[in-house]
Amino acid sequence: DVKVTQSSRYLVKRTGEKVFLECVQDMDHENMFWYRQDPGLGLRLIYFSYDVKMKEKGDIPEGYSVSREKKERFSLILESASTNQTSMYLCASRGGGTDTQYFGPGTRLTVL
Amino acid sequence: DQQVKQNSPSLSVQEGRISILNCDYTNSMFDYFLWYKKYPAEGPTFLISISSIKDKNEDGRFTVFLNKSAKHLSLHIVPSQPGDSAVYFCAASANFGNEKLTFGTGTRLTIIP
Chain A
1 DVKVTQSSRY
11 LVKRTGEKVF
21 LECVQDMDHE
31 NMFWYRQDPG
41 LGLRLIYFSY
51 DVKMKEKGDI
61 PEGYSVSREK
71 KERFSLILES
81 ASTNQTSMYL
91 CASRGGGTDT
101 QYFGPGTRLT
111 VL
Chain B
113 DQQVKQNSPS
123 LSVQEGRISI
133 LNCDYTNSMF
143 DYFLWYKKYP
153 AEGPTFLISI
163 SSIKDKNEDG
173 RFTVFLNKSA
183 KHLSLHIVPS
193 QPGDSAVYFC
203 AASANFGNEK
213 LTFGTGTRLT
223 IIP
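Which chain is which? The protein sequence lines are A and B, in order.
Numbering-wise, the first sequence is residues 1 to 112 according to my numbering.
Numbering-wise, the second sequence is residues 113 to 225 according to my numbering.
Please note that the accuracy of each hint is not assured.
[Unchecked claim] In the DSS-like style, the derived pairs of lysine-lysine whose C-alpha atoms are separated by at most 27 Å in a straight line are:
(1) B:Lys-212 <-> B:Lys-183
(2) A:Lys-3 <-> A:Lys-71
(3) A:Lys-55 <-> A:Lys-3
(4) A:Lys-71 <-> B:Lys-212
(5) B:Lys-212 <-> A:Lys-3
(6) B:Lys-180 <-> B:Lys-212
(7) B:Lys-180 <-> B:Lys-168
(8) B:Lys-166 <-> A:Lys-57
(9) A:Lys-71 <-> A:Lys-53
(10) A:Lys-53 <-> A:Lys-70
(11) A:Lys-57 <-> A:Lys-18
(12) A:Lys-70 <-> B:Lys-212
(13) B:Lys-212 <-> A:Lys-53
(14) A:Lys-57 <-> A:Lys-13
(15) A:Lys-57 <-> B:Lys-168
(16) A:Lys-55 <-> B:Lys-212
(17) A:Lys-18 <-> A:Lys-70
(18) B:Lys-180 <-> B:Lys-117
(19) B:Lys-117 <-> B:Lys-212
(20) B:Lys-166 <-> B:Lys-183
(21) A:Lys-57 <-> A:Lys-3
Rather than coming from a laboratory, the hints here were simulated on the basis of the structure.
Turn these sequences into a full structure, and let the hints guide you.
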């Protein structure tokens, strides 16, 4: 069964803190994605990775970076959290030869 | 620029009736479309998809229709059940196997018992 897990369901951080969001998939998928979901804006792609150590900017990469040292793990980093980064963060993975992405449960991040 | 649009933020339907969720797109390069369903505090789950070489795809109570000339797709749920209450996102990709999906803003469907 497909499994994407995210390290935290809820997270509260202060402005200026460095924040790490972790995502792990057990499906040996090549592609992994980070989205944020905001009311009225749907899911917006922040970054994606199509292989270990490879990354591509999505539609809203500003203020974020990512790391993919192992195939199963994709980390989203907020170098200096700001209040406008308060959001639901969703990780997804996808195998080759399909467009279907499998999502984790999400991390609701609040930046105070 | 919103390339995938879901113009109805919410929809209420009586249990047992048909639910119709709509999605419009502007990018003519999109050739593969997906619908995802999302419950609160959970990640989206894949529901059904359609390739641009088809105009209809059916899976149980769920049917997706694609009108390429109008750049419009719709999801039909028949009959609607209380468990269908969720937010539905349509998504599109250009060139099958492309890494990126572009999502719409979502429609919250409420099924009234």
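Each hint tested on the structure:
1. Restraint check for Lys-212 (chain B) and Lys-183 (chain B): satisfied, since their Cα atoms lie roughly 19 Å apart, inside the 27 Å limit.
2. About 14 Å separates the Cα atoms of Lys-3 (chain A) and Lys-71 (chain A), which keeps this hinted pair within 27 Å; it holds.
3. Annotation: proposed proximity of Lys-55 (chain A) to Lys-3 (chain A) holds, straight-line Cα distance about 22 Å (limit 27 Å).
4. Between Lys-71 (chain A) and Lys-212 (chain B) the CA atoms are separated by roughly 18 Å; this keeps the pair inside 27 Å, and the hint holds.
5. For the given pair, Lys-212 (chain B) sits about 20 Å from Lys-3 (chain A) by alpha-carbon distance, which is consistent with the 27 Å threshold.
6. Among the hinted pairs, Lys-180 (chain B) with Lys-212 (chain B) is consistent with the structure: their alpha-carbon atoms are about 20 Å apart, no more than 27 Å.
7. Restraint check: the Cα-Cα separation between Lys-180 (chain B) and Lys-168 (chain B) comes to about 11 Å, which is no more than 27 Å; the hinted pair holds.
8. Simply put, Lys-166 (chain B) and Lys-57 (chain A) have alpha-carbon atoms about 31 Å apart, too far for the 27 Å limit, and the pair is violated.
9. Under the criterion of a C-alpha separation no larger than 27 Å, the hint pairing Lys-71 (chain A) with Lys-53 (chain A) is consistent with the structure, at around 9 Å.
10. Pair hint Lys-53 (chain A) plus Lys-70 (chain A) holds up; C-alpha atoms about 8 Å apart against a cutoff of 27 Å.
11. Taking the CA atoms of Lys-57 (chain A) and Lys-18 (chain A), the gap is about 20 Å. The hint holds against a cut of 27 Å.
12. Taking the CA atoms of Lys-70 (chain A) and Lys-212 (chain B), the gap is about 21 Å. The hint holds against a cut of 27 Å.
13. The hinted pair formed by Lys-212 (chain B) and Lys-53 (chain A) meets the criterion: a straight-line CA distance of about 18 Å does not exceed 27 Å.
14. At most 27 Å may separate the alpha-carbon atoms for a hinted pair to count; Lys-57 (chain A) and Lys-13 (chain A) meet this at roughly 24 Å.
15. Using a Cα cut-off of 27 Å, the hinted pair Lys-57 (chain A) and Lys-168 (chain B) is violated, with the two alpha carbons roughly 33 Å apart.
16. Straight-line distance between C-alpha atoms of Lys-55 (chain A) and Lys-212 (chain B) comes to about 13 Å, which keeps the hinted pair within the 27 Å bound.
17. A distance of roughly 21 Å separates the Cα atoms of Lys-18 (chain A) and Lys-70 (chain A); the hinted pair therefore holds under the 27 Å criterion.
18. The straight-line distance between the Cα atoms of Lys-180 (chain B) and Lys-117 (chain B) is roughly 15 Å, inside the 27 Å bound, and the hint therefore holds.
19. For a cut-off of 27 Å, the pair hint linking Lys-117 (chain B) to Lys-212 (chain B) stands: about 16 Å separates their Cα positions.
20. Restraint check for Lys-166 (chain B) and Lys-183 (chain B): the C-alpha separation of about 13 Å stays at or below 27 Å, so the hint holds.
21. Restraint check: the Cα-Cα separation between Lys-57 (chain A) and Lys-3 (chain A) comes to about 24 Å, which is no more than 27 Å; the hinted pair holds.
Consistency note: the structure conflicts with the earlier hints numbered 8, 15.
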